[in-house]
Amino acid sequence: MTARLNAPPSWLKPGVHLLVVLPLLYLSFGWAELLWLAPGSLRLTAEPVAYTHNQLGLMAIRLLVAALAVSPIHRLTGWTPVMSLRRMLGLWAFAYASIHLGFYLLMELDWSLADLWKEALKRPFIFAGLLAFLALLPLALTSTRAAIRRLGGRRWQRLHKLVFLAGIAAAVHFILRVKGFQIEPFVYLGLLLLLYAVRLMPSRKRATPARSLPA
Amino acid sequence: MRYFPRPDWALPDSAATPEGLFRNRRSVLAGLGAAGLLPSLALPAPALASTDVARLAPLKSKRTIATAETPTPLEAVATYNNFYEFGLDKGDPAENAASLKPSPWTLKVGGLVKKPLTLDVDKWIAALPLEERITRLRCVEGWSMVIPWVGTPLAALVKAAEPLSSAKYVRFTTLADPAQMPGLRLPALDWPYREGLRIDEAVHPLAFLAVGLYGRRLPNQNGAPLRLVVPWKYGFKSIKSIVAVDFVERQPLTSWNQSQPREYGFYSNVNPDVDHPRWSQATERRIGEFRKRATLPFNGYGAEVARLYKGMDLAKYF
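Protein chains in written order, with the working numbering: chain A, 1 to 215; chain B, 216 to 533.
Warning: the hint list may mix true and false statements.
What the hints assert, rightly or not - With a Cα cut of at most 27 angstroms, we get these calculated DSSO-like pairs of lysine-lysine:
#, chain 1, residue 1, chain 2, residue 2
1, B, Lys305, A, Lys179
2, B, Lys507, A, Lys122
3, B, Lys507, A, Lys179
No wet-lab data here; the hints were simulated from the structure.
All chains should be modelled from the sequences, with the hints used to inform the complete structure.
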């Protein structure tokens with residue numbers, strides 16, 4: 001009975017999938033327009049390559065923040081169905097990060113992994129971005145139930161702490177990218193730090209029975 | 216009865232697209248699309264600049280410098296801008312710069328000069344013999360455009376002010392009015408925006424004061440009513456919406472140099488061999504192209520300007 005009550009509403013996951021895929025569809029449509037339908041279209045600004053890099057990266061970091069916000073939201077509201085979104089948000093963050101990296105390889109480096117390595121060693125902002133991606137990679141690969149079983153819950157959880165490294169590295173990547181002092185990348189860093197900090201606070205569930213004992 | 220002679224630069228009426236048709240060309244295209252004549256999906260294109268570029272006053276000019284390269288379309292030139300006084304995104308200036316009032320505008324020329332000037336810019340433009348120059352603009356971020364500017368050599372203004380022999384540099388200052396420039400609320404840079412040139416750079420024939428582009432007065436987002444165009448330097452040197460030109464003895468403090476001296480030098484000549492600390496300057500993406508192309512020393516104007524820097528270590532004085 002409890003299991004059924006906590007099952008997510010049927011619209012929740014498809015709805016979030018749709019919401020999250022929309023920016024990707026918009027970019028794809030923009031590129032189809034540029035390449036075949038209306039060359040010279042300004043839909044993706046006059047510099048569609050930079051715009052695409054930026055939008056893909058922004059979506060990746062936003063989804064990472066969203067995935068990390070799932071557990072705290074659950075703790076705060078007690079709404080269990082939200083937990084069903086955590087894995088898909090994380091995987092979508094990884095998907096956007098992969099396309100972001102792939103687009104960079106295609107447009108800037110002609111698919112040369114050697115150049116990627118050279119750039120990463122030469123430029124801290126590329127290093128941070130690559131680090132974020134490499135930290136997400138094992139998490140995406142072990143996202144299935146079978147992988148959790150194979151690793152064992154505790155080891156799986158320890159491995160998935162890498163998400164904190166990924167988040168910080170992604171925020172640093174963003175901060176190092178922009179010109180001048182800009183607030184936006186620091187907002188993402190602040191959100192990530194906040195989401196890490198709430199995990200360090202003692203959980204309410206454990207605190208409540210302890211206090212209720214003397215009563 | 217008055218007779219208005221037809222100026223020689225005017226196209227015959229038959230050659231011009233009726234303005235209504237031109238301004239509504241997107242909806243005309245959409246109509247063609249709806250009629251199945253164009254392979255297009257029904258999504259509307261994003262909004263264009265709030266400054267209606269087609270309504271800016273036309274300027275008469277004589278073309279003096281051209282290039283075989285195709286000019287970047289006006290729509291791209293007027294919607295992809297770095298003008299942090301109107302926001303940090305490339306599209307922000309086009310969206311927000313309608314609040315700038317480029318007329319009337321006063322330009323003050325002073326400092327170490329014999330003849331300080333206070334110019335009413337509209338009158339000054341009307342009196343100027345204007346030139347059109349199609350030159351490359353290379354942004355420090357790694358993109359470039361080809362733009363048909365209209366204006367006058369900076370040297371003419373320098374000469375009119377008669378600088379003293381103690382004047383070694385020229386400092387330019389952009390307007391900083393929070394009422395007209397919403398971006399001033401953000402601490403992206405230390406406002407007002409300032410730029411500078413060595414005096415021999417300022418009187419070089421390629422240094423240009425632009426008052427228009429594509430045959431009309433400058434759109435606000437491109438630095439109306441007058442801006443610098445220094446085609447052999449990174450774009451941020453080409454300061455926009457200038458209110459003051461001052462002749463000084465010492466190298467002036469300039470905004471980007473002051474904000475991150477390791478990344479943006481005072482000279483900032485386009486140089487493929489000196490990377491920005493965070494990205495390569497060896498290549499650039501021409502707006503409208505997808506693949507990158509090689510960046511040329513001095514943005515391709517080395518034959519004209521390299522002599523200004525003879526004997527200087529360009530990696531040190533970047």
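Consistency of the hints with the structure:
With a C-alpha separation of about 12 angstroms, the suggested pairing of lysine 305 of chain B with lysine 179 of chain A holds against the 27 angstroms cut-off. Distance restraint check for lysine 507 of chain B and lysine 122 of chain A: the Cα-Cα separation of roughly 20 angstroms lies within the 27 angstroms cut-off, and the hinted pair is therefore satisfied. Between lysine 507 of chain B and lysine 179 of chain A, the direct Cα distance comes to roughly 21 angstroms. Compliance with the 27 angstroms bound is thereby established for this hinted pair.
When held up to the earlier numbered hints, the structure conflicts with none and fits them all.
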